[in-house]
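Number of protein chains: 2
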Amino acid sequence: MKLYDLALSGNCYKVRLFASFIQTPLEIVPVNFMEGEHKEAKLLQLNPWGEIPILKDGDVILRDAQAILVYLANKYGGEAWWPSEAHLQADVMQWLSVAANEIQHGPNKARLIKKFGFEGDHSQCLENSYQILALIDNHLSNNNWLAANRPTISDCAIYPYISIAHEGEVIIDNYKHIKSWMRRLEQLTGYISMPGNEKL
Amino acid sequence: MKLYDLALSGNCYKVRLFASFIQTPLEIVPVNFMEGEHKEAKLLQLNPWGEIPILKDGDVILRDAQAILVYLANKYGGEAWWPSEAHLQADVMQWLSVAANEIQHGPNKARLIKKFGFEGDHSQCLENSYQILALIDNHLSNNNWLAANRPTISDCAIYPYISIAHEGEVIIDNYKHIKSWMRRLEQLTGYISMPGNEKL
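Quick mapping for you: the protein sequence lines, in order, are chains E and Y.
Residue numbering for the first sequence follows this note's numbering, starting at 16 and increasing by one per position.
Residue numbering for the second sequence follows this note's numbering, starting at 16 and increasing by one per position.
Keep in mind that the hints were calculated from the coordinates and are not lab data.
Watch out, some of these pointers could steer you wrong.
A pair holds if it fits inside one copy or across any two, identical chains being indistinguishable in the list.
[Stated by the list, open to error] Result set (SDA-like, lysine to any residue): computed pairs, CA atoms no more than 20 Å apart in a straight line: (1) K54 - N153; (2) K194 - E182; (3) K90 - E100; (4) K54 - A149; (5) K71 - L103; (6) K71 - E100; (7) K57 - N153; (8) K90 - L103; (9) K54 - Y145; (10) K90 - A101; (11) K71 - A101; (12) K129 - Y145; (13) K191 - N153; (14) K57 - L150; (15) K191 - L155.
Sequences are here, hints too, so could you generate the full structure?
Quick look at the structure:
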């Protein structure tokens, strides 16, 4: 199973992190993002969106980190990480939407601007970031995990860009419930880091 | 089962449309959006995000239209609309992320600015809209439906804001595959319209 990957991408890290938790080996295919390889014909054929990660498992080709998490959980991860019961699965799903929307347009975009020189309104990204971080922190004041009262793919979808938020000058120091939740996730068997969130 | 609803909201319409397709009755609770009722304590208790739709089914309370679609499909809609097979479910999931991200920040936001006077960069919304519409149109040039080769909750999540895109001055006339797909969806048993997309 191939993951078209960039070490510095939080979206790719979502997939590597979850695959590591469920001990599913991935063949990493590095994509030269800085040279725009993801916008070239070969990768556009796999993902017309021109984005990574891309997962290739036999004939199955998937884009979008959240969809890849759902696939891996269904096929290799099992009930623990992606509950089948309707209200629990929907609870997880709420957070996959947050990962695709609020996190993308908050800490992710702030980092693209500050670390990679993308164009965009950084102050708007900060505003978006602090709005969603406050909601998440409040949620975690009463919950150890984002959804279903246990570690799920929700946590794998939300953690990455929060763990590297400082690279976009988003400061998480005051969100103590988020920080406790991060420590809990980092203690799970199989946890791996990415460049930017390694502990000293 | 209660839906906290606004007739003019495309996100609420996603839920009403799908519930109608699967013949699941909803008790509609109108929310006075213009008066900011969704930001008041009673509704913030149900959804701290301060947004609608909100679904209440007994003890289950859900925010986020995509998560509500997953819940309704699992509980009342069945396999047809939300496949259980890993690669098909992930295929649908790819489009739920598009609904939460690219559609939200394209045609949805363009309409919020033009129809409801929200602040924002309309020209950026137009650029986002035409980028995602071109990708969707190209996908539909080879597919009758967005995912899994049949009508799924993907279609219910993506159709609403495209069907009212003109209210945000997003012009879809040139996307002929999208227009054909819309006609197919509108022919399905149980289809209902919303203000702004009624046929004359």
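Have a look at K191 and N153 and pick one of within, between, both or neither, based on CA distance no larger than 20 Å. Within. Shortest intra-copy distance 10 Å satisfies the 20 Å Cα cut-off; inter-copy 45 Å does not.
key: Copy assignment of K71 with L103, given that the CA separation must stay at most 20 Å   = between (28 Å within a copy, 14 Å between copies)
Next item on the list: Could you figure out if K194 and E182 sit no more than 20 Å apart (CA to CA) within one copy, between two copies, both or neither?
Entry: within (16 Å within a copy, 42 Å between copies)
Cα distance capped at 20 Å. Does K90 pair with E100 within a copy, between copies, both, or neither? both (16 Å within a copy, 9 Å between copies)
Problem - Copy assignment of K90 with L103, given that the CA separation must stay at most 20 Å - result: Result: close both inside a copy and across copies, 18 Å intra and 11 Å inter.
- How would you label the pair K90, A101 (within, between, both, or neither) given a Cα cut-off of 20 Å? Answer is both; intra-copy 18 Å and inter-copy 6 Å each pass.
Fill in: Intra- versus inter-subunit Cα pairing at 20 Å for K71 with E100
For K71 and E100, only the inter-copy Cα distance (16 Å) is at most 20 Å; the intra-copy one is 28 Å.
inquiry  = Within a copy, between copies, both or neither: which one fits K54 and N153 at a CA-CA cutoff of 20 Å?
reply    = So K54 and N153 pass the 20 Å test across copies only (16 Å; inside, 39 Å).
- Task: Pop the pair K191 and L155 into one bin, within, between, both or neither, using alpha-carbon distances up to 20 Å.
- Result: So K191 and L155 pass the 20 Å test inside one copy only (9 Å; across, 46 Å).
Within, between, both or neither: K54, A149 at alpha-carbon 20 Å: Between copies, since 16 Å is at most 20 Å while 35 Å is not.
- Up to 20 Å CA-CA - Y145 versus K54, copy category: between (32 Å within a copy, 18 Å between copies)
Which holds for K71 with A101 at a C-alpha limit of 20 Å: within a copy, between copies, both or neither? between (28 Å within a copy, 13 Å between copies)
The structure meets every hint from the earlier list without exception.
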